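Residue strings, one per chain:
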Amino acid sequence: MEKIKELEFEKSLTKFTSAIERLENQQKSTQKDNRLPITKLQQELKEKTKEIYSNITPWQIVQIARHPQRPHTMDYINTIMEDFYELHGDRIHSDDPAIVAGIGKFNSRTIVFVGHQKGKNIEENIAINFGMAHPEGYRKALRVMKLAEKFKFPVITFIDTPGAYPHIQAEERNQALAIAQNLYEMAFLKTPIISIVIGEGGSGGALGIGVSDKILMLEYSIYSVISPEGCASILWKDQKAVEQASQALKLTASDLLKLGLIDVIIPEPLGAAHRNPSEAIKIVGSYIQKHIELLSTIPISEIVNTRYKKYRNIGLVLSEETEE
Amino acid sequence: MFFRKKKYIKLEPKETREIKKELWQKCPECGKLIYEGKLKENFKICPYCGNHFRFKTNEWLSLLIDNKFEEYDANLISGDPLDFKAVKSYTEKIKEEIKSTGLKEALTYGLAKINTFDVILSILDSSFIMGSMGSVVGEKFVRGCEKAIEKKIPFISICGGGGGARMYEGMFSLMQMVKTSQVVGKLKENNILYISILTDPTMGGIAASFAFLGDIIIAEPKALIGFAGPRVIEQTIKQKLPHGFQKSEFLYKHGMIDEIISRDKLKEKIIKILSIFYQ
Ligand SMILES: [Zn+2]
Numbered sequence: 045m046e047k048i049k050e051l052e053f054e055k056s057l058t059k060f061t062s063a064i065e066r067l068e069n070q071q072k073s074t075q076k077d078n079r080l081p082i083t084k085l086q087q088e089l090k091e092k093t094k095e096i097y098s099n100i101t102p103w104q105i106v107q108i109a110r111h112p113q114r115p116h117t118m119d120y121i122n123t124i125m126e127d128f129y130e131l132h133g134d135r136i137h138s139d140d141p142a143i144v145a146g147i148g149k150f151n152s153r154t155i156v157f158v159g160h161q162k163g164k165n166i167e168e169n170i171a172i173n174f175g176m177a178h179p180e181g182y183r184k185a186l187r188v189m190k191l192a193e194k195f196k197f198p199v200i201t202f203i204d205t206p207g208a209y210p211h212i213q214a215e216e217r218n219q220a221l222a223i224a225q226n227l228y229e230m231a232f233l234k235t236p237i238i239s240i241v242i243g244e245g246g247s248g249g250a251l252g253i254g255v256s257d258k259i260l261m262l263e264y265s266i267y268s269v270i271s272p273e274g275c276a277s278i279l280w281k282d283q284k285a286v287e288q289a290s291q292a293l294k295l296t297a298s299d300l301l302k303l304g305l306i307d308v309i310i311p312e313p314l315g316a317a318h319r320n321p322s323e324a325i326k327i328v329g330s331y332i333q334k335h336i337e338l339l340s341t342i343p344i345s346e347i348v349n350t351r352y353k354k355y356r357n358i359g360l361v362l363s364e365e366t367e368e
Numbered sequence: 002m003f004f005r006k007k008k009y010i011k012l013e014p015k016e017t018r019e020i021k022k023e024l025w026q027k028c029p030e031c032g033k034l035i036y037e038g039k040l041k042e043n044f045k046i047c048p049y050c051g052n053h054f055r056f057k058t059n060e061w062l063s064l065l066i067d068n069k070f071e072e073y074d075a076n077l078i079s080g081d082p083l084d085f086k087a088v089k090s091y092t093e094k095i096k097e098e099i100k101s102t103g104l105k106e107a108l109t110y111g112l113a114k115i116n117t118f119d120v121i122l123s124i125l126d127s128s129f130i131m132g133s134m135g136s137v138v139g140e141k142f143v144r145g146c147e148k149a150i151e152k153k154i155p156f157i158s159i160c161g162g163g164g165g166a167r168m169y170e171g172m173f174s175l176m177q178m179v180k181t182s183q184v185v186g187k188l189k190e191n192n193i194l195y196i197s198i199l200t201d202p203t204m205g206g207i208a209a210s211f212a213f214l215g216d217i218i219i220a221e222p223k224a225l226i227g228f229a230g231p232r233v234i235e236q237t238i239k240q241k242l243p244h245g246f247q248k249s250e251f252l253y254k255h256g257m258i259d260e261i262i263s264r265d266k267l268k269e270k271i272i273k274i275l276s277i278f279y280q
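Quick mapping for you: the protein sequence lines, in order, are chains A and B.
Using our numbering, the first residue of the first sequence is number 45, and each one after it goes up by one.
Using our numbering, the first residue of the second sequence is number 2, and each one after it goes up by one.
Rather than coming from a laboratory, the hints here were simulated on the basis of the structure.
Where hints are given, some of them may not hold.
[Unchecked claim] Partial chain A-side listing against chain B, Cβ under 8 angstroms, derived: (1) Ala208; (2) Pro210; (3) Ala224; (4) Leu227; (5) Leu279; (6) Leu300; (7) Arg356.
[To be verified] Below, in silico cross-link-like pairs of lysine to any residue (SDA-like), each with a Cα-Cα straight-line distance of 20 angstroms or less: (8) A/Lys59 <-> A/Gln86; (9) B/Lys86 <-> A/Leu303; (10) A/Lys84 <-> A/Glu95; (11) B/Lys266 <-> B/Tyr253; (12) B/Lys89 <-> A/Glu273; (13) B/Lys241 <-> B/Gly230; (14) B/Lys96 <-> A/Leu362; (15) A/Lys164 <-> A/Met118; (16) B/Lys94 <-> A/Leu360; (17) B/Lys239 <-> A/Asn169; (18) A/Lys354 <-> A/Ile344; (19) B/Lys254 <-> B/Gly51; (20) B/Lys86 <-> A/Ala285; (21) B/Lys105 <-> A/Val361; (22) B/Lys94 <-> A/Ser277; (23) A/Lys302 <-> B/Phe85; (24) B/Lys153 <-> B/Glu71.
This structure is a prediction, so every number in the text was calculated from the model and none was measured.
Ideal Cβ positions, reconstructed from N, Cα and C, are used throughout, including at glycine.
Excised from the complex, chain B in its bound form (with noise of 0.2 angstroms):
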């Protein structure tokens, strides 16, 4: 049978193949295939496990917001601070993911309303460099709070980080976790709600700075989250990690956030939290 499949696929041809690959999606979690346009329909999430596929900006952007978003600093692009020089020169490497995503960088934030209400959204899209934390990102989280200060709104992130810093930028990266943490503490000065909404994934100085610190904290479920990537702790304790481990679920149960919410319920239930603080 093994030796028939192999056959079959071989014979396939090649055009065939690659429509097939446009419009049928593996869920990485189950292994199951399943239709693009299905999958769309329902957030991205897999109907047969539940899996959580990762959303990029805009999509993030047409399940929360009412008609209304106003981009700020949509301008703001990466500097080189470092002049970093690798296979691939940090210039050339933003060149390219500008090309790729359509983004600038990998947060965008600005004004939005949900519902009836006035927030301030912060997003940070995995597609661009994992998400990590250089200092455009880092700005721009900043500008974001300051902006949710001098409106009196509330402010809403979404995290998905993945490789948490951003190697390129150096030190400069690692020091946007303390520039990211501490305008969370001019929020609590001025008594503005913090909601922190963890997507897969979220790891690294993204995880140990601001997308812990919320009033709030959301997980999607099954997202990765945590300090360590999972690779670099097998290699240390040298054993495989048990099954779900830094997933959300394991984070709920040791009590690191307030909730896991599925996708297509996530808006009605940041509408019910403003109500309750702010009606």
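Next up, chain A with everything else stripped away, as it sits in the complex (with noise of 0.2 angstroms):
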């Protein structure tokens, strides 16, 4: 297995991987057994594991949520569908590889997929823009999606992107209609929608495909109107005011959920998903199940009538007479 990236606040964690590492190797080239010791720092690794996550600050889940070795949307898609048939291209310009479209086979159910990719390293991430989508990416979710509602598939989506791609050709081509449009066609699509944030939640880019019946968020994913970084210096002109930003714009599942802005947090396993790609992939596929099933006792039209009813109601407004 690839080795982990440790993020600077887990940096305590290195001295057990490694020794454990340690003894893991002795123990092969000298046949040495070792067992004993290993068990007793997985355990302490475990226990130190614990005690930093559960004393965590929303800008230390804001780097995690940015994690290059948190699972994407294609290693969730290869793992959890058979049968995946992609789909390429908005049918106008180009094929915009920061959003995975397709159908297949989920636990024997036929359902469409959309999601933002992002790589695991610099290469694969030049090649996909980071997860930042152009109006061709945007446009091919949408006819997909189209193409779900004609057979009542439900339409998972996968949220993982810092924002929407800022870019010349991404203007000329009317970036801001290619989201306005998905967002109006999919508050009416006839079929269930769910959404899940995987990682980093970034702005209209993120809310481009995230209209949806049920909101899920990964416990250490983010969701956010602005970056952390931009709003610090908007806001408190100091790019290093990212701690209280992210503190401030209430950005984490909790804090999201408190909010009633989203439906459901989905657990991840200790210290977080990149630590355990397969077990928080296994935990995922199991909500999407639970959620697809709830959706699907219910009348399409009732289904739509409550998905507008949902975002026709938020907002904090106050009048006049009742803030005296």
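Join the two chains into one complex using the hints; note that each chain is given alone, in its own frame.
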């Protein structure tokens, strides 16, 4: 297995992991029985991880959400889907690899999948533009969701993007409209939609595939109207105020659940998804199954009405009389 | 010469300088000084380069309305859903904005008479926290559309939203994009005409929701309109943007808007459109 890249606040775990590694290597080369000390160290590692993760700040969660070794959309699709058939292109301009879309079998049920795709390393990320979509990505997503509607297949969207791509060509092809169109069409799509924030939910670029009947967030994912860096530099005039900005924006899953803006938090394995991707993927799969089943019992007209009302009622508005 | 000029400014008494500042405005486009009275007379359009200075809510009303505007929900004000604490708290910020703009929020809407036509008119004012999309902006926009449906009359929106999102409301702000986009679907269901007028600036979450969903989209000349801010794009591509990028003329060339109309001709154009649809 690839070595886990530890985040700054996880550094105290390194001494355990490297000690374990050393003992394991020694065991292999010298046949010396190290099982006992290894088990002991693993227990200590577990305790220490628990300790670190029980007391974590929003800014640390931002870093976990962006961890390159977190499972990304294709990791989920490759594991939980049978017979995934990827569809390409917006039929007009090009195929945007920053958004993956396709159809396949999930626990023997046909579903449609749409998700931002991030890379594991810099080469992959350059090729797929760090999960930042062009208008073509949103248009491909929409056409595939329309296909789902035609056959009443449930749509699962995976959100994981720093935001829509800020670029000349993206503007020339009307990025703003591409996103607006998706919001407008998804709101009335006559098939169930479940959105899951698996990593970074970056503003309008995330929302562009995020209108849904149920919004789920992984325990250490984030969803925000602006990046903490952007917010810090605008409101604090200081790039280093990311801690405060992350706190103020209420971008963590637990904050957003309290505010009633998401429906469910999906727990992650101890030490977050990057430590145990296969376990994380399994858990997410079970949540998808559960929510598809729940939605499948409700008539589609009711689902669409409920979806409309849900978004219609989001917001805190006071009238002056009530304030006094 | 440069030295003398500097010296001259230094010698100028403070008082006259202040008066000068009041009476003259510098055009941010061409840099020429314009006498303020002249600017007002000219719909706040620069007589030298045609640049449209930003209009405020009451200026839009006097430009477009024929003796009747019945404002709705004027008493709605922002709550503080996140209990947002930055250098300034959101509550403080709102108080300041209310005081400095004379508005209670960035969006004003009501029943308006334009020539012989009854319409619902919604105006987003960029002087109130950049015309950004908070809960009240979203709510009033939606109620405006619902009112147009109830009264079976056209809906006209004037957008001037600089910042797009309102950071202080976090995800509540982002979700207003869905709320204001989906209500446009209700206008469609009910055959209500929606004219969207884009002014300087229409960016981010405002552009990526209701602003670009109009049946007819009109822009003022040289307005900045787009999704990503020009500075963010420059930082990403690490080069200067071409001249005129994300301006109305650029959008027109790329087929994103129906027409560019100078402010002095806007009212007659709106009347013309309404007559074609409804007479
Ligand atoms: Zn000028």
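Going down the list of hints, with the structure as the test:
no., hint, in the structure
1, Ala208, "6 angstroms, holds"
2, Pro210, "3 angstroms, holds"
3, Ala224, "5 angstroms, holds"
4, Leu227, "4 angstroms, holds"
5, Leu279, "4 angstroms, holds"
6, Leu300, "6 angstroms, holds"
7, Arg356, "6 angstroms, holds"
8, A/Lys59 <-> A/Gln86, "11 angstroms, holds"
9, B/Lys86 <-> A/Leu303, "16 angstroms, holds"
10, A/Lys84 <-> A/Glu95, "17 angstroms, holds"
11, B/Lys266 <-> B/Tyr253, "18 angstroms, holds"
12, B/Lys89 <-> A/Glu273, "17 angstroms, holds"
13, B/Lys241 <-> B/Gly230, "13 angstroms, holds"
14, B/Lys96 <-> A/Leu362, "14 angstroms, holds"
15, A/Lys164 <-> A/Met118, "11 angstroms, holds"
16, B/Lys94 <-> A/Leu360, "16 angstroms, holds"
17, B/Lys239 <-> A/Asn169, "18 angstroms, holds"
18, A/Lys354 <-> A/Ile344, "15 angstroms, holds"
19, B/Lys254 <-> B/Gly51, "19 angstroms, holds"
20, B/Lys86 <-> A/Ala285, "12 angstroms, holds"
21, B/Lys105 <-> A/Val361, "12 angstroms, holds"
22, B/Lys94 <-> A/Ser277, "17 angstroms, holds"
23, A/Lys302 <-> B/Phe85, "15 angstroms, holds"
24, B/Lys153 <-> B/Glu71, "16 angstroms, holds"
Checked against the numbered hints given earlier, this structure breaks none of them.
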